[in-house]
Amino acid sequence: GESVGLHLPTLSVQEGDNSIINCAYSNSASDYFIWYKQESGKGPQFIIDIRSNMDKRQGQRVTVLLNKTVKHLSLQIAATQPGDSAVYFCADRGRGGSNYKLTFGKGTLLTVNP
Amino acid sequence: DGGITQSPKYLFRKEGQNVTLSCEQNLNHDAMYWYRQDPGQGLRLIYYSQIVNDFQKGDIAEGYSVSREKKESFPLTVTSAQKNPTAFYLCASSRVGNQPQHFGDGTRLSIL
Chain A
1 GESVGLHLPT LSVQEGDNSI INCAYSNSAS DYFIWYKQES GKGPQFIIDI
51 RSNMDKRQGQ RVTVLLNKTV KHLSLQIAAT QPGDSAVYFC ADRGRGGSNY
101 KLTFGKGTLL TVNP
Chain B
1 DGGITQSPKY LFRKEGQNVT LSCEQNLNHD AMYWYRQDPG QGLRLIYYSQ
51 IVNDFQKGDI AEGYSVSREK KESFPLTVTS AQKNPTAFYL CASSRVGNQP
101 QHFGDGTRLS IL
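Respectively, the protein sequence lines represent chains A and B.
All residue numbers for the first sequence refer to the numbering used here, where the first residue is 1 and numbers rise by one.
All residue numbers for the second sequence refer to the numbering used here, where the first residue is 1 and numbers rise by one.
Same shape as in the complex, but just chain B:
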């Protein structure tokens, strides 16, 4: 089946540690996105990429980094500079234009 796979489902980070969240899609979508979801809030955009080897900051990029070396993959690194990383992280992909974004099932990140 075509879809978006996020891993791991749960992740724990120690103080001062960088962690990387994986996102893979086999939908042949050009655009990919990372969102953060906190309780009682809407989704907030961290980074997005509309083409391989290019990506742009979203609304809350500080403390995060991404890469887009392959069309299918858009990993997100939560760095030690992100002081409040505990959240539910969602990856999405879409075709360009007025097309819906399709989401993975998320990674829940917590602090040890």
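For reference, chain A alone in the conformation it holds in the complex:
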């Protein structure tokens, strides 16, 4: 089946640097994308989402970029802080499907060094 994947399983950055986490998706019919943050022993926390009619969306210290041509999604975190250390997941939903069918990637572990 089609799945969402990640280029790098781990990412280590210095505090204050910008972080970029990448995600490749394979379903060309996907119309909705979400980024989640998961800290150890907790459930995923919603960060930001983007619909397929957009190519960029900004939140507080985070930006999601969507490139539908190459089916690539990225999450940029500005001025990364130690509290940003976590596993980050992307997920996508195929167009026309019901809300249930989100496909999750395996996640990228972000480590922020002080």
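Among these hints, one or two may not hold up.
Calculated lysine to aspartate or glutamate pairs in the DMTMM-like style (CA-CA distance at most 20 Å, straight line) [what the hints assert, rightly or not]: (1) K42(A) - D38(B); (2) K68(A) - D49(A); (3) K83(B) - E62(B); (4) K106(A) - E39(A); (5) K68(A) - D55(A); (6) K101(A) - D38(B); (7) K101(A) - D49(A); (8) K106(A) - D59(B); (9) K71(B) - D54(B); (10) K101(A) - D54(B); (11) K83(B) - E15(B); (12) K83(B) - D59(B); (13) K106(A) - D38(B); (14) K9(B) - D105(B); (15) K9(B) - D38(B); (16) K101(A) - D59(B); (17) K106(A) - D84(A); (18) K70(B) - D30(B); (19) K106(A) - D105(B); (20) K106(A) - D49(A); (21) K68(A) - D31(A); (22) K71(A) - D49(A); (23) K71(B) - D30(B); (24) K42(A) - E24(B); (25) K71(A) - D31(A); (26) K57(B) - D38(B); (27) K71(B) - E24(B); (28) K9(B) - E39(A); (29) K101(A) - D30(B); (30) K71(A) - D55(A); (31) K42(A) - D105(B); (32) K83(B) - D38(B); (33) K101(A) - E62(B); (34) K57(B) - E69(B).
Keep in mind the hints are simulated off the structure, nothing from the lab.
Dock chain B against the given chain A, drawing on the hints supplied.
Then chain B, alone, in the frame of chain A:
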């Protein structure tokens, strides 16, 4: 505060035993979901429900059962037929349409 509450946080199952995981939400969301998370893997959908008294199988429903008698509640039973139940179980809820799913803090199930 509005949110999703899962209980218990840790649960142990004996051989041949059924166990039930609780999930309650006060977000007034119509849809609710159960996922299983194993180390190094993404979340896999067990069951979902988009309306009271209705639910659908996800990708890995075998050995599990659910009910949706109330909008706020979506309990998951791990039956003795599930031969590899050790995992982190996550419940989520959402509005319908292109809306994010919001998660509880999970129940970690282990075998005695």
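Verification of the supplied hints:
| no. | hint | result |
| --- | --- | --- |
| 1 | K42(A) - D38(B) | holds (14 Å) |
| 2 | K68(A) - D49(A) | holds (15 Å) |
| 3 | K83(B) - E62(B) | holds (10 Å) |
| 4 | K106(A) - E39(A) | holds (14 Å) |
| 5 | K68(A) - D55(A) | holds (8 Å) |
| 6 | K101(A) - D38(B) | holds (19 Å) |
| 7 | K101(A) - D49(A) | holds (15 Å) |
| 8 | K106(A) - D59(B) | holds (16 Å) |
| 9 | K71(B) - D54(B) | holds (11 Å) |
| 10 | K101(A) - D54(B) | holds (16 Å) |
| 11 | K83(B) - E15(B) | holds (9 Å) |
| 12 | K83(B) - D59(B) | holds (16 Å) |
| 13 | K106(A) - D38(B) | holds (10 Å) |
| 14 | K9(B) - D105(B) | holds (8 Å) |
| 15 | K9(B) - D38(B) | holds (16 Å) |
| 16 | K101(A) - D59(B) | holds (10 Å) |
| 17 | K106(A) - D84(A) | holds (18 Å) |
| 18 | K70(B) - D30(B) | holds (10 Å) |
| 19 | K106(A) - D105(B) | holds (18 Å) |
| 20 | K106(A) - D49(A) | holds (18 Å) |
| 21 | K68(A) - D31(A) | holds (10 Å) |
| 22 | K71(A) - D49(A) | holds (15 Å) |
| 23 | K71(B) - D30(B) | holds (7 Å) |
| 24 | K42(A) - E24(B) | holds (16 Å) |
| 25 | K71(A) - D31(A) | holds (11 Å) |
| 26 | K57(B) - D38(B) | holds (19 Å) |
| 27 | K71(B) - E24(B) | holds (9 Å) |
| 28 | K9(B) - E39(A) | holds (15 Å) |
| 29 | K101(A) - D30(B) | holds (15 Å) |
| 30 | K71(A) - D55(A) | holds (11 Å) |
| 31 | K42(A) - D105(B) | holds (5 Å) |
| 32 | K83(B) - D38(B) | holds (14 Å) |
| 33 | K101(A) - E62(B) | holds (18 Å) |
| 34 | K57(B) - E69(B) | holds (17 Å) |
Hint violations for this structure: none, all hints satisfied.
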